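Working from the sequences, and respecting the hints, build out all of it.
As numbered in the UniProt record's numbering, residues 1 to 268 make up the sequence shown, in order.
Since the hints were derived computationally from the structure, they do not count as laboratory data. Please read all numbers here as calculations on a predicted model, not as lab measurements. Some hints here could point you the wrong way.
[Said to hold, decoys possible] In silico lysine-lysine, DSBU-like type, Cα no more than 30 Å apart, as pairs: (1) K124 - K245; (2) K124 - K162; (3) K245 - K192; (4) K238 - K124; (5) K124 - K242; (6) K192 - K242; (7) K192 - K162; (8) K162 - K242.
[What the hints assert, rightly or not] If you anchor each label on the Cβ, the simulated ranges turn out as follows: (9) T51 - A235: 41 to 49 Å; (10) T51 - I209: 15 to 23 Å; (11) M68 - E145: 38 to 46 Å; (12) K238 - Q40: 40 to 48 Å.
Even for Gly, the Cβ is constructed at its ideal location relative to N, Cα and C.
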Amino acid sequence: MDSIKQAIDLARATEGGARRAAVSVPDPARPGLHDPQFRQVRLSEADLEQTRIVAHGVGTPNGRYYDMLRAQVLQEMDQNSWQFLAVTSPTVACGKTVTSCNLAMSVARLPERSVLLVDMDMRKPMVANYLGLESDPGIVGVLEERRTLGSALIEASIGPSKLLVLPGEVAASTSSEWMASQTMATLLQTIKRDFRSRTVIFDLPPMLIGDDVISILPRMDAVILVTGVGTTSVADIKECQKHLKQSNLVRVVVNKVTDIADDYHAYY
Numbered sequence: 001m002d003s004i005k006q007a008i009d010l011a012r013a014t015e016g017g018a019r020r021a022a023v024s025v026p027d028p029a030r031p032g033l034h035d036p037q038f039r040q041v042r043l044s045e046a047d048l049e050q051t052r053i054v055a056h057g058v059g060t061p062n063g064r065y066y067d068m069l070r071a072q073v074l075q076e077m078d079q080n081s082w083q084f085l086a087v088t089s090p091t092v093a094c095g096k097t098v099t100s101c102n103l104a105m106s107v108a109r110l111p112e113r114s115v116l117l118v119d120m121d122m123r124k125p126m127v128a129n130y131l132g133l134e135s136d137p138g139i140v141g142v143l144e145e146r147r148t149l150g151s152a153l154i155e156a157s158i159g160p161s162k163l164l165v166l167p168g169e170v171a172a173s174t175s176s177e178w179m180a181s182q183t184m185a186t187l188l189q190t191i192k193r194d195f196r197s198r199t200v201i202f203d204l205p206p207m208l209i210g211d212d213v214i215s216i217l218p219r220m221d222a223v224i225l226v227t228g229v230g231t232t233s234v235a236d237i238k239e240c241q242k243h244l245k246q247s248n249l250v251r252v253v254v255n256k257v258t259d260i261a262d263d264y265h266a267y268y
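Structure below.
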């Protein structure tokens with residue numbers, strides 16, 4: 001895992017030193033869904049950029065980096081016929097939700113691709129906040145059968161791009177129990193069947209705050225691990241590596257690397 005090694009090297013280089021400030025860096029057939037229409041919402045470009053969602057348009061500042069990540073990840077997923085992509089981080093404040101949203105936006109811009117973004121962080125769901133969406137009802141309502149999947153989904157659009165979003169909710173009961181439940185397995189089977197033409201991106205909780213991620217990883221096809229310079233320690237990365245040995249880790253994203261970001265800007 002060369003990516004893990006690079007992340008460890010970056011984490012080791014910053015441990016014990018000053019912490020750096022963070023930098024801002026088409027429609028499927030719907031068999032089996034009971035609702036003929038998804039809720040439709042137009043997203044605000046200004047609001048998105050305030051929350052660092054920058055991959056909604058061609059040539060947006062920093063958006064090209066998510067396009068590069070998109071190309072690399074989709075190539076590997078296509079080669080292996082994978083559909084489910086999990087995005088997680090060792091701990092909080094690494095930028096996993098920003099990465100999930102930007103990657104979904106980037107995929108949605110491709111003319112022959114479509115994407116479903118699922119907020120599966122039932123401890124602290126943030127996808128709706130970052131996109132400016134109403135989060136009720138969400139995934140917990142579907143699991144508890146208070147809502148159908150179709151009624152909980154939102155078709156979010158900006159410009160010509162559209163993506164489906166299943167917002168998150170804080171689980172009243174233990175979130176890890178939902179992750180390991182047969183109800184969750186059934187929901188994932190439904191998503192795989194009814195949205196088989198879509199890449200499905202799951203924004204998961206941080207890996208080391210509980211057993212949520214460990215419980216759901218066997219049901220994911222591939223994983224992106226998001227780390228943060230000055231936020232993620234060497235010990236954090238090594239601990240995640242233990243849990244990811246049986247998973248298809250497609251990329252390690254390292255956020256908050258200010259000097260590299262400056263070099264890229266200078267190059268372009």
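Here's how the hints hold up against the structure:
1. K124 - K245: With a Cα-Cα distance of about 26 Å, the restraint between K124 and K245 holds, given a limit of 30 Å.
2. K124 - K162: Measuring from Cα to Cα gives roughly 25 Å; hence the hint holds.
3. K245 - K192: holds (24 Å)
4. K238 - K124: Given that 30 Å is the threshold and the Cα spacing comes to 24 Å, the pair holds.
5. K124 - K242: holds (24 Å)
6. K192 - K242: holds (28 Å)
7. K192 - K162: Holds, at roughly 19 Å.
8. K162 - K242: violated (37 Å)
9. T51 - A235: 41 to 49 Å: Violated, since T51 and A235 (Cβ atoms, about 30 Å apart) do not stay within the stated range.
10. T51 - I209: 15 to 23 Å: holds (22 Å)
11. M68 - E145: 38 to 46 Å: holds (41 Å)
12. K238 - Q40: 40 to 48 Å: holds (45 Å)
Figure legend: structure checked against the earlier numbered hints; hints not met, in rising order: 8 and 9.
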